[in-house]
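Between the sequences and the hints, there should be enough to build the whole structure, so can you do that?
Chains E and Y, in that order, give the protein sequences.
Using the working numbering, the letters of the first sequence map in sequence onto residues 11 to 474.
Using the working numbering, the letters of the second sequence map in sequence onto residues 19 to 840.
Derived from the structure by calculation, the hints contain no laboratory data.
All residues carry an ideal CB built from backbone N, CA and C; glycine is no exception.
A hint or two may mislead.
Stated by the list, open to error - Derived list of chain E stretches under chain Y, where covered just means 3 residues or more per stretch with a C-beta under 8 Å from a C-beta of chain Y:
#	region
1	15–23
2	174–188
3	218–229
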Amino acid sequence: MADEELFDKLRRLRREVPPELGPALEARRRAAAARSEQAPTDEHVARDDAEGMPTWLRQRLSSKRAHGRVACSHGVPEDCCEERRSEGSYLARIKRFSGDHCHGHFRLEECAHAASDTLVRIARDPALADLELERAVYLDIETTGLSGGAGTVPFLVALGSFVGGSFELWQGFLRDPSEERAMLAEVAERVAASSGIVSFFGKSFDRHRLEDKMRLHGVTSPFVDLPHLDLYHPFVRLYRSATEDGRLQTAERVLCGVEREDDLPGSFAPEAWFDFLGNRAHRLEAVFRHNEDDVLSLVVLAAHLGRSLHETRADGRALPGPQAARAQGLAKHFARVPSEREEALLWVRRARARDAHSSRELRLLEADLLRLTGQSLAALELYEGLRDEANDVLALRAALELAKLEEHARRDFEAALTAVAAARTLLEVLVATSALRPSERRRAEAELGRRSERLLRKRSCESA
Amino acid sequence: MSPPIDPRPEAGSERHARRTGAGVDGIVRRLRAHAELGACFTTWHRTPARPARVAELPDLHPALRAQFERRGMGELFTHQVEAIEHALAGRDVLIATPTASGKTLAYTAPVLQSLLESDGAARSLWMFPTKALSQDQSRSLNGWIEALERDWHSYTYDGDTPPSVRRTLRDRGHIVLTNPWMLHSGILPNHGKWSELFRDLRYIVIDEVHTLSGVFGSSVANVLRRLVRIARHYGSDPRFLLSSATLRDPAGHARRLIGRDAAIVEEDGSPAGERVFGVYEPPLVQPVAGMRANALEEVRRLAPELCGPSHQTIFFCNRRTAVEVLTRYLKEAAPRMGLLPEEVRGYRGGYLPLMRREIEAGLKDGSIKVVVSTNALELGIDIGALDVAVLVGYPGSQASFWQRAGRVGRRGKTSLAVLVARSDPIDQYLAHHPEYLFGKAQETLGLDPDNLVILSEQLKCAAFELPFEALADPDGSGRSRIEGFGDSPHLAGILDYLAEEGGLLYRKDARWFWAADAYPAQDVSLAGNEPDNVLVFDAETNKAIGEIDREHSITSVHEGAIYQVEGETYKVERFDYENRRAYARRVASDYFTEAETDTEVRLLRLEEKRARRVASGTQEDWAVWRGEVHVTTVATQYKKIRFYTRESVGAEDIHLPPEELDTEAFVLTVSEATAQTLGLTVGNRAAAWRGAGRLLRRVAPLFLRCQPSDLGLSTEVRSRTFGSPAVYIYDRVPGSVGLGAALFRDHREVVAAALDVVQGCACQEGCPACVGPVEEVGALGKETAAALLGYLAGGGELVDCEPTLRTGEEKADLAEPEPLRG
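Now the structure itself:
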């Protein structure tokens with residue numbers, strides 16, 4: 011079978027070209043085609059050989075392209091040199107930044123002042139005690155997709171590290187998928203020579219993409235025994251309440267004042283590489299820059315987060331970023347561990363001091379912490395305020411806690427019964443306004459029932 | 019809920035009386051002597067008890083040998099020994115012996131041997147068609163491992179495996195039990211994570227490979243190609259250990275499935291008790307129409323004879339609702355059979371796992387006396403051996419039949435299997451030809467891994483996993499070749515297609531790499547074109563109420579169609595053809611709809627032809643053909659038909675695009691002269707011709723492993739292509755999985771079976787159990803169809819011919835689409 015004949019047959023069998031559409035469908039298809047031809051295309055964006063591509067792909071690409079105003083280029087990205095190893099060759103671009111290079115409001119070298127124990131505590135990972143930020147590799151990769159699996163190619167891997175007084179950014183790049191093994195072998199060596207890894211969401215993504223591919227190629231993974239600081243989790247813990255999302259670009263902007271120019275979103279990276287492979291005009295230059303910016307942001311973000319507990323930079327200036335959110339985040343973070351409740355209380359108070367309209371939620375947390383650290387009277391007062399000033403779920407929680415405290419801490423059964431009655435009234439209001447989930451309602455009802463029964467028993471014992 | 023029961027049957031009660039029955043022999047005696055029921059048995063067949071044939075243990079590791087001896091297995095059945103020896107000699111093996119002959123042991127032994135020899139380094143991957151089976155096996159394997167006192171692990175990896183366990187399983191699972199779906203979409207695309215498994219993969223064990231046919235089997239054959247390719251990448255070269263029910267052509271099936279020759283073991287050495295088999299044909303209730311009593315009702319009449327407190331009986335129904343209905347009947351009738359209602363249980367998919375385990379245990383320990391099941395109890399779930407099996411209707415394939423019948427038979431005791439025939443051509447055929455069941459396996463499994471649709475989809479998945487490379491000239495033929503993915507000559511062409519047209523691959527010199535932001539295994543189904551299915555939504559609530567496949571959508575969810583779900587009627591308001599969605603509103607409809615279609619088969623290419631010449635001369639008498647066809651089906655109009663009365667209350671047109679299909683067909687043509695002689699004269703010929711075609715299609719599953727609905731039918735009284743009457747029976751799988759070719763090969767058997775059915779049928783002028791009801795085939799339809807089939811079945815041999823049409827112009831004709839009627 012000649013190729014053209016085979017192609018025809020495949021098109022028909024795979025229903026990729028519907029053989030004979032009905033008139034209604036045909037009309038709809040023509041209309042759709044006409045629409046896509048009118049789509050605005052600017053000069054930078056127009057692809058020179060768009061004709062050779064399937065319609066669906068062309069349409070998808072052209073609709074995406076309307077977003078970006080990033081220049082295209084042809085061929086191998088600039089300043090790349092071939093690196094050779096016994097496993098094969100690939101390209102690499104090396105760029106050096108002086109230690110006082112500013113990325114946003116931070117100098118790269120400021121990460122030397124990040125406190126190791128701060129990182130250990132906010133990331134809750136004791137292994138990080140061995141991580142020296144000046145000897146770490148800062149890792150970020152660009153892949154052909156997010157799904158993972160053997161067919162997802164990490165075509166650009168950036169490793170940043172401090173060499174002498176300057177910061178060296180190494181970007182390994184695949185000219186085609188066959189170079190993967192050689193580049194991964196190099197990456198493994200470079201990572202293994204470091205004291206640990208710094209990434210953003212890399213514990214969940216970058217590391218596994220690389221590790222799976224290394225196993226596939228028989229390259230020993232360097233990740234197993236090295237400490238890994240994933241900045242995503244501390245950032246989200248401390249600042250998520252004050253930011254619109256948990257992305258790296260949000261983190262770098264809000265905390266370090268990094269503003270990117272003409273950034274190409276990471277989701278365009280696969281397309282850029284496929285264009286490069288297909289010998290078409292591509293936007294890899296922008297992908298390299300995006301990747302470079304990501305790595306520089308890792309450095310300054312580590313510098314920032316490593317000063318979270320001091321709340322000052324090395325030179326004594328205040329640490330930028332939303333202070334109230336930080337205090338609140340730290341309060342919640344420490345509140346989870348019994349031995350850190352005193353510290354949590356400290357941060358709750360700071361948070362309340364920084365935000366006059368601090369939320370009821372925060373005050374409930376403070377009350378809970380007071381109760382748990384044995385300061386029942388102070389807790390009681392706070393709970394009372396919370397219960398009386400609004401009719402919401404938090405008020406109900408406060409009311410339930412009040413009854414508990416009256417019964418157990420103050421052992422005032424009359425007062426406890428009054429508190430139970432107040433909680434009941436509140437519960438009725440909430441049920442009437444459908445403010446409760448059925449499960450919350452059942453739980454509250456059961457708790458109140460048990461408590462009032464026990465209180466009545468205790469009271470009668472006492473009077474007897 | 020079962021009604022309350024008096025737990026202590028009195029002496030002299032039915033239960034007491036029935037305790038003293040004379041076992042299965044007594045049941046058979048009573049049935050044969052029974053005044054009414056006895057006469058309905060068309061056949062009784064007795065297979066004498068067969069002793070075990072055993073042989074000495076093969077040369078196994080001492081620790082394993084000791085375990086065998088400790089379990090009282092100092093000797094094994096001959097087929098087990100044979101299979102183990104093949105495996106130890108490094109051959110791929112297929113053990114094709116009946117259910118319960120001990121196949122599991124035959125592949126457990128080599129796997130454990132490899133672990134012992136390699137000091138725990140060897141890995142194996144086991145695949146089962148159902149989840150329950152793999153869990154059963156995992157337990158039994160762990161029993162062996164514990165007894166051997168080794169720190170090895172066998173794990174089940176399926177959709178229920180928690181993520182926390184997955185990692186351990188990947189790195190430390192010596193034996194991984196899984197299913198084809200997980201292998202396809204979970205393990206293979208992520209083989210980097212599974213490198214520990216692939217590095218030293220010794221065996222791939224696949225159970226019940228007779229279930230691997232059609233689109234599913236052809237897809238799985240490609241999944242196995244992917245598996246072997248990946249194993250080779252990591253430096254291992256696994257052997258296959260396959261097991262199946264008895265097969266017609268086990269060597270051919272194994273070759274198509276794994277792409278190489280396997281040693282075949284099919285001489286069963288396990289012992290069997292005496293088996294009695296009877297076929298019950300429900301009595302005629304309306305002799306003219308040939309209508310017989312309902313099979314389920316008849317089972318109700320038979321039940322008191324077949325059930326009792328001193329033995330266990332299993333009923334197999336083909337539909338879930340039938341299970342529920344029969345279970346209720348039998349529970350109600352329990353006291354009259356000397357049983358307690360809770361001793362009668364139903365069993366089917368959809369019951370909660372806990373309940374299923376409880377029923378299985380009850381069957382094993384004998385506390386449940388009667389169970390009514392779907393095919394859910396057909397595959398190897400361990401319920402012990404029972405005494406009496408009743409099959410309500412033929413289950414559609416020999417393997418299923420034997421698996422159901424194989425549920426009975428205890429060592430040293432007689433067992434009984436009864437097939438209750440329905441009004442269906444195949445059931446009718448079997449009622450009079452029990453030798454079909456007892457002879458050798460008859461069915462061909464349709465399996466074609468090189469079907470272009472399946473192959474191209476699977477090549478996507480394979481390219482995602484590892485790049486492809488064409489070797490310049492590996493065999494000195496001067497042609498380049500892609501190795502390790504079968505022998506299709508189109509591999510390079512398909513890869514180029516995926517690169518150039520699909521934009522999915524990147525070609526560099528002679529290598530193809532995956533280059534797309536996608537995870538293909540997610541979109542490639544093993545069972546066919548599911549993404550094309552149409553979802554049916556309730557227009558009011560916007561909730562999905564059903565799903566229907568592509569080809570049936572044009573006849574069941576067109577605008578105006580009445581769509582039925584569990585007795586509720588919905589009227590389709592809008593069919594969004596392009597987005598594969600239909601919107602229907604609940605209505606109280608007193609009619610249902612039936613769509614009419616026009617099907618046209620256009621011949622694309624003829625591959626083979628066999629013909630018979632008229633005795634007196636060179637003229638062609640009749641012929642069979644095999645070729646590629648393009649089938650166009652248009653839904654033309656639908657009729658509204660009142661429930662119960664079947665009175666037609668109107669008809670409307672359907673406006674939908676045609677359904678197109680490229681596939682392979684078997685064609686039967688009869689010369690114009692012969693057609694005249696046979697009385698296929700104008701008037702009745704279309705009806706008779708169609709009746710014969712329909713019957714051929716319906717009995718074809720006796721020889722092909724498929725459902726009648728897997729075959730499409732088109733009949734033409736005067737085909738423009740052939741210039742004579744033609745019947746096309748085509749494979750409904752796009753690109754075909756070989757059903758057309760199998761029909762071409764076996765057409766004589768199919769014609770003979772069809773003739774038997776029509777001759778043996780008690781009706782006078784046609785009925786649903788043969789050529790179709792008289793309303794469809796006409797008054798002379800049955801007679802004419804019978805004469806035609808008789809003519810085709812008799813006479814001289816067919817000879818191979820050049821597969822061309824008689825004149826030279828047809829080539830042009832073939833390309834020209836013929837206008838459709840309507």
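Going down the list of hints, with the structure as the test:
1. 15–23: holds (count 7)
2. 174–188: This one holds; 3 residues, not fewer than the three required, reach chain Y with a Cβ under 8 Å.
3. 218–229: Holds: 6 residues of the region 218–229 of chain E have a Cβ under 8 Å from chain Y.
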